[in-house]
Amino acid sequence: MTFRRFLAKRTLIAVVLTLISVSVIFATLRLLPAGPFSGLVASGSLTPEQVEQVRAMYGLDEPMYVQYIKYIQNLFTLQFGISITQQRPVGEIIIPALVNTLVLLLPALVATAIVSSLAGMYAGWNRGSWFEQSSIVVTTVFRATPIFVTGILLLIVFSYGLDWLPAFGMRSPLANPQGYAETYLSVDFLKHYLLPFTATVLFYSGDFLMLARNSVVERKGSEFLMLHRAKGLSEMEQLGRAGRNSLLPLVTYFALRTGMLFQGVITLEVVFAWPGIGRALVQAILQQDYPTVQAAVFIMALAVIVMNLTADVAYAKLDPTVGAGDV
Amino acid sequence: MSGYNLDADTARDRLRSEFGRARRTLSVVLEDNAAKVGFAIIVAFGFLGLFGPYIAPYAPIEDTLRQGGSIMRLTSPSVKAPFGTTSFGKDVLSQFLAGARPTLIVGLFGGVGTGVVGFLVGLTSGYFGGRVDEFLMRLTDLTFALPLLPMALVILSFVTPSIWVITAVLVVFLWKMPARVIRSEVITVKERTFVKSARARGAGHTRTMFLHVAPNVLGIGFLYTAYAVGWSIVAGASLAFLGFGDPTTTSWGRMLQQVFRSGAIRTAWWWVLPPALGIGAVTTAVFLVGRAFEEIVNPDLQTEQE
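Heads up: the protein sequence lines correspond to chains V and U, in order. Those letters in the first sequence? Residues 1 to 327, per the UniProt record's numbering, in order. Those letters in the second sequence? Residues 1 to 306, per the UniProt record's numbering, in order.
What the hints contain is simulated information worked out from the structure, not anything from laboratory work. These figures come from a predicted structure and were not determined experimentally. Incorrect hints may have been included.
When the alpha-carbon atoms are kept at most 20 Å apart in a straight line, the in silico SDA-like pairs for lysine to any residue are as follows [unchecked claim]: (1) Lys36/U - Phe6/V; (2) Lys9/V - Arg131/U; (3) Lys36/U - Val141/V.
Starting from the given sequences, assemble the full structure and let the hints guide the process.
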């Protein structure tokens, strides 16, 4: 299969998957007992005319298939509708939350990927060493422990116990920043940033460390390294060669992880009251604000699909033996 | 034909040899120090799950502790309440002891269910290949695309959460992980000579699949079941922490939710630490044992996801 055909096939699968998953979300929200919009009408404080108005506003007076088609159309033009509880476009709620999540997670993920991959390569190269053993146990502890538990422990030590860092939110309550620069570039923000950042780094460090370590271990005995050794390269140069060969799984893993980020940190955002998309989703569910719920879940699903596609393509592009046949 | 005859192998012999292999594997796993610690924690956790509610000094939800005439709210550890009390005047130790059970149930059944479903899907998909494979793998792609925690939150906001509903939801979203790995292993196993010879001598698909292919991927199946137990505990605790757990039981996740919601998290470290360390310890234990086991099985692991 040529790369172009492979790309086309994968993209098509991704599009179909997106369609099916938004349909599943649509169906889930409507088929479950107590439909999503029943709370809206059941409050009883609205006059019958107002109920009709609201139903029309959300398109509930139309047949199900029309609602479905409109829903799909709207999602793909990023028109998420009007929030029920906040009476403003869902996009205005979701997009800033999405940015906040990315600001928290992307730097954390990049930092983890670099530091713990290097540590993992070093560990794999020095197999059986004290460093290898302890780094694996320590990162396994943080990888296995739910991220919100790590977050809570950090909170009770560094916020409530030592009172070094704020426990709540992204900026102090009195800060009223305008624009992105003011929001994200300040000492106040940095203070709020440190704990959730640390929790995220600790949580994801184990995966990259093990991946890098395993692939160095696998390659250490391989013939091309024997060749390098025969050529007289130093230990560090050999490790460099082995490391370069280990990049492929790390790159693809990075893409997959990025896709899963949003859903993974819902509990983390709740613990630190970080105004991100995960916390927005939980609040929307609790307040039965279904347009917001739909939009948030859609973005989370889309992120996974797009990043999986990226990982597949990166894999095929970087590793010629994969692109050729086995896809 | 020479002495080696596969058909003489009765189910009983196979079970016996599998059992022997499992015992040998366990003894090798336990040579690893981290795995030893992990195993001890798992045994202790299992004990709490079974007997915790009976050794708890008070009923975790009903009994309100009093001192003199007033309710003991948020008191630090004392003789009467060794782990202190909650802001509702409940004994933290009792909640901790009883809270192991729902945590264990969700982990165990969610994990085993995930392992079994994933194993069967992976086996079928890898063994038959072609359209069956294509269909099942697109289905796993779909469950990968539907994010676990958000979907579970949406479903649990409509359906009254009970331990069993939560377990079922977890299995529905987690089987994909073992399925993919098992499939890729099955694909290599089914090309081996003994499988082909079994087919050539007229063994049916079911027989070949379960008697000749399955035993060779069983190790990885167990490994992923163990990991799935860990994932289920994490997911179950996360749901409970977000307020979507079974409201009728006290689980460790729910304890954390209550201390967090009540705001007592600022001061009541005695209420926070038992459930937090409990969850952390048991999930870590599962992964440490799994990791040691993985070194043995070494399935040239597919590295994706969770």
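Now the hints, each set against the structure:
Distance check on the hinted pair: Lys36/U and Phe6/V sit about 47 Å apart at the alpha-carbon level, beyond 20 Å; violated. Straight-line distance between C-alpha atoms of Lys9/V and Arg131/U comes to about 16 Å, which keeps the hinted pair within the 20 Å bound. In summary, the hint linking Lys36/U to Val141/V is supported, as the alpha carbons are separated by about 15 Å, within the 20 Å threshold.
In this structure, the one hint that does not hold is number 1.
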